[in-house]
Every structure is written in C-alpha cells, then in structure tokens.
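Visitor: What follows is each chain in one-letter form.
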Amino acid sequence: MTVVLAVFLIIGLSFLFTAGLRAGVAVDDKRHATYPQQRPFLGGSDPETHALQRFHIRYYTMTLLFVAFEMEMMFMYPWAVVFVEEGPKALAEMGMFLAILSVGILYGWKEGIFEWE
Amino acid sequence: MNWIAKLAAKAPVPIFIARGPDAPDETDRLHLNPALTIVDTPRAASILLVAGTLPHALKMYLHRLHDQLPHPRATVFWHSSPTEPFSNAVEIAHGDDLASVLLRTRAALLGGERASDADVLPDEPANEWQGVGPHGQGGKGMMGGTPYGRPMAMTDDDIRDGLKLDAYTAEFGPFLPMLPAGMILKLTLQGDIIQDVAVVSPPYEDARKGREIRALLRLLGLPTLANRMLVENAHRDAGFKRLVTLSGVRMAIPPDLGRTHDGSDVRSRFEHLLKDPFSPQKPHLTGLDLGDLLEGREWQEAMLILNSFDNVSLRKICANTRTNADEDSSEQTSGGHENMDHSAHGGH
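Chains as they are written, first to last, in our numbering: chain S, 1 to 117; chain Z, 118 to 465.
Mixed in with the good hints, there may be bad ones.
[What the hints assert, rightly or not] Reference listing, derived: stretches of chain S covered by chain Z, where coverage requires no fewer than 3 residues with Cβ under 8 Å from a Cβ of chain Z:
#: 1; stretch: 5-13
#: 2; stretch: 33-39
[As the list claims (entries may be wrong)] To list a few chain S residues with every Cβ distance to chain Z over 10 Å, as calculated:
#: 3; residue: Leu42
#: 4; residue: Gly43
#: 5; residue: Gly44
#: 6; residue: Leu91
These aren't lab readings, by the way, just hints derived from the structure by calculation. Quick reminder that beta carbons are idealized off the backbone N, C-alpha and C, glycines included.
Start from the sequences, fold in the hints, and give me the full structure.
Guide: The following block contains the structure:
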C-alpha cells in the first residue's frame with residue numbers, strides 16, 4: 001500500500017514541478033528573443049548562411065578502431081572463463097585471433113589513421 | 118527593489134567592451150577592477166561599454182552587437198558621446214568614476230528605475246522564409262531552405278582530402294574579443310579549418326603597450342597572468358617569469374606556427390614579447406599575406422598567429438591581402454554563390 005502511495009506521490013510531485021516550470025516560462029515568454037537577438041555572435045558581423053551544416057568527422061577512423069577492440073574484449077571474457085579447462089589450445093586460438101587483429105592495426109597505421117587532423 | 122534584485126546588484130557588473138580606435142589606455146586596466154567582469158560575449162553582459170569614438174563604418178556593427186545583449190541592458194559611452202539611435206544611453210562625464218557609474222546603472226536596471234534598452238534593429242528575419250516551400254522552410258529541396266531567414270551553407274572544395282562538404286563563410290569582427298580591435302575578416306571555414314581569408318577592415322592603428330602578450334596569454338588560457346602584465350613592470354618580476362615557465366605555455370604553441378620569410382614564428386615572437394613586451398619583434402613582411410599565414414590553420418592556431426603580430430605589422434599584412442571588395446568583383450564575374458538566388462536551390 002505504501003509503495004502505491006509513494007508512486008502516486010512521485011507522479012503528483014512531478015506534475016506539480018512541471019506545472020511550476022511551465023508557469024515560470026510563461027512569465028518569461030513575453031521577452032522572447034527577437035530576430036536581432038537570435039543572430040549568432042560574430043563580433044558585430046552578420047552571418048551569410050545558417051549555422052546548420054555538414055562537416056567531416058575526422059576522428060571517425062579512430063572511433064571504428066575503438067569499436068573493433070571493444071568487440072575483441074567481448075570475446076576475451078568468455079575465453080578467460082574457459083582458459084583453465086582448455087589449456088594451451090585456448091591460448092593458441094587467442095594468439096591467432098590477436099594476430100589477425102594486429103594485421104588490421106598495422107594496415108590502419110600504414111594508411112595513417114592514427115594521425116590526428 | 119526586491120531582495121533578489123538587491124542581491125544581484127551586489128555582484129560584479131558584466132560588461133562587454135566595444136572598443137574604438139581612440140579608446141583610453143585605462144580600458145585594459147578595467148580587467149583589474151573587482152567590481153566589473155569583462156565578458157567575451159554580449160550574451161553574458163548587462164552593459165555595453167563603448168570606449169572611444171567608433172568610426173562611422175562600424176556603426177552598423179555596434180547596432181547588431183547592442184541587440185544581442187539580453188534584457189535588462191544599458192549602453193554606456195565612455196570618452197565619446199552617444200550617437201543616434203542611443204539617445205537613452207549613459208554618458209560618462211569628465212571626472213566621473215566609470216565603475217561607480219556602471220554599478221549605479223546596473224542597480225537602476227535591476228530595480229526597474231531605468232528601462233531596458235529597446236532593440237535598434239527591426240525584429241524581422243534577414244530573408245523572407247516563413248510559408249515559402251512545401252514545408253514552409255523557405256525554399257525548394259532538401260538543402261534549399263532559408264530557415265529563420267538564413268540560407269543553408271552549400272558544399273565547397275576541401276583543401277585537405279577533397280571530400281566536399283559545407284563551407285561556412287562569415288565576417289568576423291570588429292568587436293570579437295580574440296581578434297585585434299577593429300579587425301574584420303571574411304573567413305571561409307571548412308569544418309574546423311580556415312579555407313579562405315579576405316580582409317574587410319584592418320585593425321585600428323592603436324599602439325597599446327603590451328597588447329600582443331596579453332592577448333596571447335589570454336588565448337592560451339592564462340587570463341590571470343595576462344592581467345598581471347597590466348601591473349607596472351610585471352614582466353621584470355622573477356615570480357612572473359617562473360609562473361610562465363611552470364605553466365608550460367611555450368609547449369602549448371605549436372612549432373613553426375605563422376612563420377614569416379625571415380624565420381620568425383609565433384613561439385619566437387612570444388619569447389621576445391615575454392622579455393620585452395613593449396617593443397614587439399618586427400619581422401620581415403614583404404609579400405606576406407594573411408592567406409599564407411591562416412589558410413589550412415585551425416581557429417585557435419589562426420588566433421595565435423594574428424595576435425603574435427603588433428597592429429602596425431598586421432596592417433601591413435592586411436595591405437598585402439586580398440580585400441573583400443576584390444573577392445566580390447571576382448565572384449560576380451565567375452557567378453559565385455553570393456549572387457545566387459538562395460530560394461531556388463535545387464535538391465541535394
């Protein structure tokens with residue numbers, strides 16, 4: 001019963017809080033930003049174009065590399081659990097897996113993905 | 118005045134300074150006044166301080182700046198008289214203490230005895246847009262709108278790897294805190310790098326002592342050390358030198374940045390300014406233009422390069438550089454994007 005009461009109390013309070021915020025905004029709303037106020041600050045100058053634009057995320061190759069190694073860790077956790085049972089066979093398998101991955105790193109290095117631009 | 122306004126009136130006054138060519142030397146020393154906070158954007162200011170007389174060409178820029186201050190706001194003219202349309206502005210009379218006038222003005226604003234300045238410019242978008250186009254976005258096609266009166270940026274060549282993306286062209290200045298006062302540059306930015314530079318207006322001819330080293334220290338994130346330079350002979354103080362060394366600020370300046378023909382770069386000019394802040398290095402500038410210095414540079418690097426020169430050298434470099442007028446005429450002949458009818462952009 002107390003849980004139900006608490007839930008209703010939380011819902012009621014959040015409604016009150018939202019109503020308070022809305023009332024506050026309504027009071028402030030008469031002073032909405034005019035067009036000259038909305039202009040981006042360029043030191044008194046006027047922009048020619050809208051600020052919304054497409055640009056190149058130049059660190060994306062590094063992000064992809066990061067994701068690849070995250071996935072490698074996903075494989076290493078179950079491997080660590082069965083490592084004692086499986087013995088040298090598991091070690092060899094992980095060695096092969098890491099070797100293949102490092103070829104990927106070397107290729108990326110050659111292509112210059114570690115260079116920050 | 119209610120209690121909350123009274124409390125607010127005790128805080129330092131946030132002011133934004135619009136500097137004229139004859140701004141008094143004390144303008145810089147306002148940084149040392151604990152009753153004032155000099156802010157870097159009009160959005161954080163409650164008072165616009167116009168220091169010195171502004172040239173007529175910059176009036177429009179001042180109007181735009183004025184309207185960007187949030188309400189309640191006021192304009193104060195210092196060492197100049199208010200011009201139209203600032204008839205309601207405060208003028209600092211000869212012999213008046215600036216800080217106390219600013220405090221009184223802000224208190225009057227908060228208490229409601231003084232009305233907040235109205236907008237100078239009309240409340241209308243830069244271009245017609247509402248209701249135009251299938252979704253009311255102001256144009257045809259995906260990139261063809263003019264939302265909120267501004268056309269969308271169009272693709273342009275990239276100087277790094279040729280991936281054509283949107284280039285952002287805008288004028289920056291003359292009251293941008295990181296640029297020397299009075300300087301207006303028309304920059305084309307491709308992502309985070311500067312792709313094209315044209316000069317709209319060179320910096321003022323002012324020869325404020327130690328402007329360059331203070332601007333560099335501020336840009337490098339050391340505003341307190343910059344303010345310390347305002348104290349007499351601070352640069353000769355061993356403690357100051359130690360603080361500069363300990364801050365590792367030299368390492369924060371990329372090597373070979375802004376190299377001139379005689380081998381001087383931002384690091385060497387910074388070193389020189391630390392030793393002798395009042396006589397900046399005079400590098401050999403013949404044939405050097407802003408394009409050579411800034412194109413391909415990121416914003417932070419470009420600002421370090423610009424502020425490492427004194428105003429006399431900068432004016433020389435600006436004289437070598439293509440001006441905005443040259444650019445407009447060349448674009449008219451080649452049918453550049455500026456004269457394009459933005460409402461008719463095709464779908465991309």
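Visitor: Where does the structure disagree with the numbered hints, that is, which hint numbers, in rising order?
Guide: Checked against the structure, the hints that fail are numbers 1, 3, 4, 5, while the rest are satisfied.
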